[in-house]
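Listed below, chain by chain, are the residues.
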Amino acid sequence: MSDKRFYELQAPLTVRAAALAAGAALVHGDDTLMLCDVAALETAAPDEIAFVRSARHLKGLHSLSAGLCLCTEDVKDPLIALGVQAVAVCPRPDEAFNTLALLLVQPKRASFTEYAISPHARLGKNVQIGAGVCIGPDAQIGDGTVIGPYAVIGPGCVLGKNCIIGANAVVGFTVMGDRVDIRPGAVLGEPGLGVFADENGIVASAHFGSVYLGDEVRIGANSTVDRAVFGQTQIGARSKLDNLVQVSHNVQIGEDCVLASFCGIAGSSVLGNDVMMGGRAGIADHITIGTGARIAAAAAVMKNIPDGEVWGGHPARPLRRYMREQIALRDLATKKGVS
Amino acid sequence: MSDKRFYELQAPLTVRAAALAAGAALVHGDDTLMLCDVAALETAAPDEIAFVRSARHLKGLHSLSAGLCLCTEDVKDPLIALGVQAVAVCPRPDEAFNTLALLLVQPKRASFTEYAISPHARLGKNVQIGAGVCIGPDAQIGDGTVIGPYAVIGPGCVLGKNCIIGANAVVGFTVMGDRVDIRPGAVLGEPGLGVFADENGIVASAHFGSVYLGDEVRIGANSTVDRAVFGQTQIGARSKLDNLVQVSHNVQIGEDCVLASFCGIAGSSVLGNDVMMGGRAGIADHITIGTGARIAAAAAVMKNIPDGEVWGGHPARPLRRYMREQIALRDLATKKGVS
Amino acid sequence: MSDKRFYELQAPLTVRAAALAAGAALVHGDDTLMLCDVAALETAAPDEIAFVRSARHLKGLHSLSAGLCLCTEDVKDPLIALGVQAVAVCPRPDEAFNTLALLLVQPKRASFTEYAISPHARLGKNVQIGAGVCIGPDAQIGDGTVIGPYAVIGPGCVLGKNCIIGANAVVGFTVMGDRVDIRPGAVLGEPGLGVFADENGIVASAHFGSVYLGDEVRIGANSTVDRAVFGQTQIGARSKLDNLVQVSHNVQIGEDCVLASFCGIAGSSVLGNDVMMGGRAGIADHITIGTGARIAAAAAVMKNIPDGEVWGGHPARPLRRYMREQIALRDLATKKGVS
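Chains as they are written, first to last, in the working numbering: chain A, 1 to 339; chain B, 1 to 339; chain C, 1 to 339.
One thing to keep in mind: the hints can contain errors.
Put simply, identical chains are the same to the list, so a pair is met inside one copy or across any two.
As the list claims (entries may be wrong) - Dumping the calculated PhoX-like pairs for lysine-lysine here, alpha-carbon to alpha-carbon at most 25 Å:
| hint | residue 1 | residue 2 |
| --- | --- | --- |
| 1 | K303 | K335 |
| 2 | K161 | K108 |
| 3 | K161 | K4 |
| 4 | K303 | K161 |
Rather than coming from a laboratory, the hints here were simulated on the basis of the structure. These numbers were taken from a predicted model, which means no experiment stands behind them.
Sequences and hints are given; from them, build the entire structure.
Right, here's the structure in full:
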């Protein structure tokens, strides 16, 4: 279900019309069922459309209730067995979904051509608005929040109390708690870089999610936090991000985490609470980092890290092991006497 | 030849005056020849000035027609043999060129002190211009293009149809096709970081080129694409760049490439079509990456990669080899029983 | 001593009141002594408050004259021996200091709600101010300086002559020399990411320092330079930073250094003159890099580098050694015949 603060439903479609629009063949289900929204397959309701790229993505799922799921031929039977209401088959479900989804759901946008601060924004008490600030329709700004010059707050955004938004920051599709600190130049809520190939080449995939920041989160200067494809990219209370950090779509960061400069977390990875990442540490997509884990500077994490462990290196492994290996390598090169 | 949309020729100089201004000794050629522009040595015409740092840069060249080339003593004979019209010798050709070039060619600048949108900009139909947008003289904005608040479009820039320019983006010295998507905070067309040393220390070298983006290119939030020293930095149609990516001067990126966050490509490197780069992958300068190559996240590429190969590691090598080496290293450290 | 261009002293406190406000037990000194400012322990004067995290930080100190130092129980005796006027003990000196310091010293801020250019700013001759530029109270702009549209110059900043400030750059707490070149989107003077834990979780620590840039320094697009905790983050004359570079709090960069894209220098590290860093090279905190050192692209520097040496790798070591090790590793994997 897309967040109505940020997305606008268009006219609903029947399953029949949807399959037609997607160029997909309906192979199961009642073609008069009405569809009005989009969602990730796992959470999609009977009036929502979803898609799945391959059978591999069904692992661990026990029942589904999506209204319509787009898939390739080989995935249709498992989807029917899992309870999806209607199934339509096509060669490129991601492309078909992208086309179809934008018929049902459109992000709210403000072009800020006629006003800077929307008359439909709601501002709390003692809000300080710097020169030129843009605030979109239905945005809510909590009491005591200070917004620096030329910051842009998109439609529907919710800022808590006593937040600070730095100059030239761009905040869209975002709900944040109290005392959140966004430094200058940070950009929140952009679509992540999801791509697929259609017959003409590479296409960027549409995003239908948002960003959530807990109380006292800090986002450093020129850092970027992308919105989720569906649901929320989340950063838990009191987590602090340094400058030039990238948080990709669907990432979940726990509370009290600290990420130094140039840390990057690829799509859908999950960090527990109290995780510390040294500068330039990167985490691949769909990785889980346990509570209290510490990741050394410049580490490239390609595997899950258990709670409380300390990892480093490229690719990352337990830091002690990495250190031992570096010593062994030095000894090896010395022994060989290569000069 | 500098692009007249972005650069303004000053009064032309004779070879004699040019050599004098550069503090260089004319060792060959007609000193009354007129010079009016600058170019890279390989492409310089008889009315253009070029320079060369060392004999090494002449490799592979068969004939040259530059009007005047600045060089060190040891390079003069090969230059004459290659057909350069006039040759002048000095100890630091890069410094001499920098001084001389700025006498002949100046970038057009808009200080936006008196207007935000130049009366000499040409706007298409249904263009949406956000609050405070600046557009320089002679810029062209295609039909249906949407420019977010506080974006700055420099003099002479050409934006195609239905482009999206994010809030606070800065676009200069850039020509782009249709449906290009520039996310907030991106900066296009800055001079790259070229430096040389004069007697006082480090100096940044002047740039006389531009940026070209094909149709449907996407540049992520806070990413930067530098303009070329001469000619164009190019990004081919449909290539998608994530947030916080750096593309240096003179880089050539093919079509349908995908570069994840923190990817960096150093000066003059060339990527074929369909190249995929994982997050934080970096490519050194003057490297060639073949069509369809895939580069793993966090790779540091120091060598050319052939078509279709998959490389990773630091420094990058074929990914399978890198994996084998990591296993061998782990076994070595285990065997040694270092704890 | 905090720089009065950027910080405002509040009402002074007695040692007694200060210890009370900090929740610390006064264990040494005259409780009527007046305190009015904050400083790093090494430089704190008798009317200034400092703190120390552990005894380890006293190494190498021979005498101190701070008015009041907050510390844990085990550090009190060494502090008294070193000559600190008054000592107060508490379990978390960093937290206590943070609370206390903000009672004595507050950064000057401009919210730019009522004007864009402060009537109390001082502008030199032939200054060019782009559309929407904000300049805070008591800022000084030197003759001939050009400020791009929507740049924000904070209170008290000093810009020399003939500087260029790019569009959308944000400059605070900064003093710069002449002919400094700040490219678009750069952010200078933000507090660095210092954190400590209080009983509720992670808290960001307050900063009381500034940034100094020498003549002809160049800061690339979207790069970030944080202000010091105390004193100055410094970048020496003619040093050139590429796009997307991060310089953390308290860093000292010498003259004529060149830092390529994505270089990052963690807190308090020191670079001599003439240091060259390839792209994506990172330096850990509290590291010293000797004059003329060269650091290869993608290096992760965890140790001091002597003058003139060339290092690379992850973690960085002398580049020749790194190369030898990579060869040894390749040979090892080949010999083992793992395929």
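Is it within, between, both, or neither for K303 and K335, if the alpha carbons may be no more than 25 Å apart?
Classified as between; 24 Å across copies, 32 Å inside a copy.
Pop the pair K303 and K161 into one bin, within, between, both or neither, using alpha-carbon distances up to 25 Å.
Neither way: K303 and K161 sit 38 Å apart in one copy and 43 Å across, limit 25 Å.
Evaluate K161 and K108 at a C-alpha cut-off of 25 Å and name the case that applies: within, between, both or neither.
both (24 Å within a copy, 21 Å between copies)
Within, between, both or neither: K161, K4 at alpha-carbon 25 Å
So K161 and K4 pass the 25 Å test inside one copy only (22 Å; across, 30 Å).
Checked against the numbered hints above, the structure violates only hint 4.
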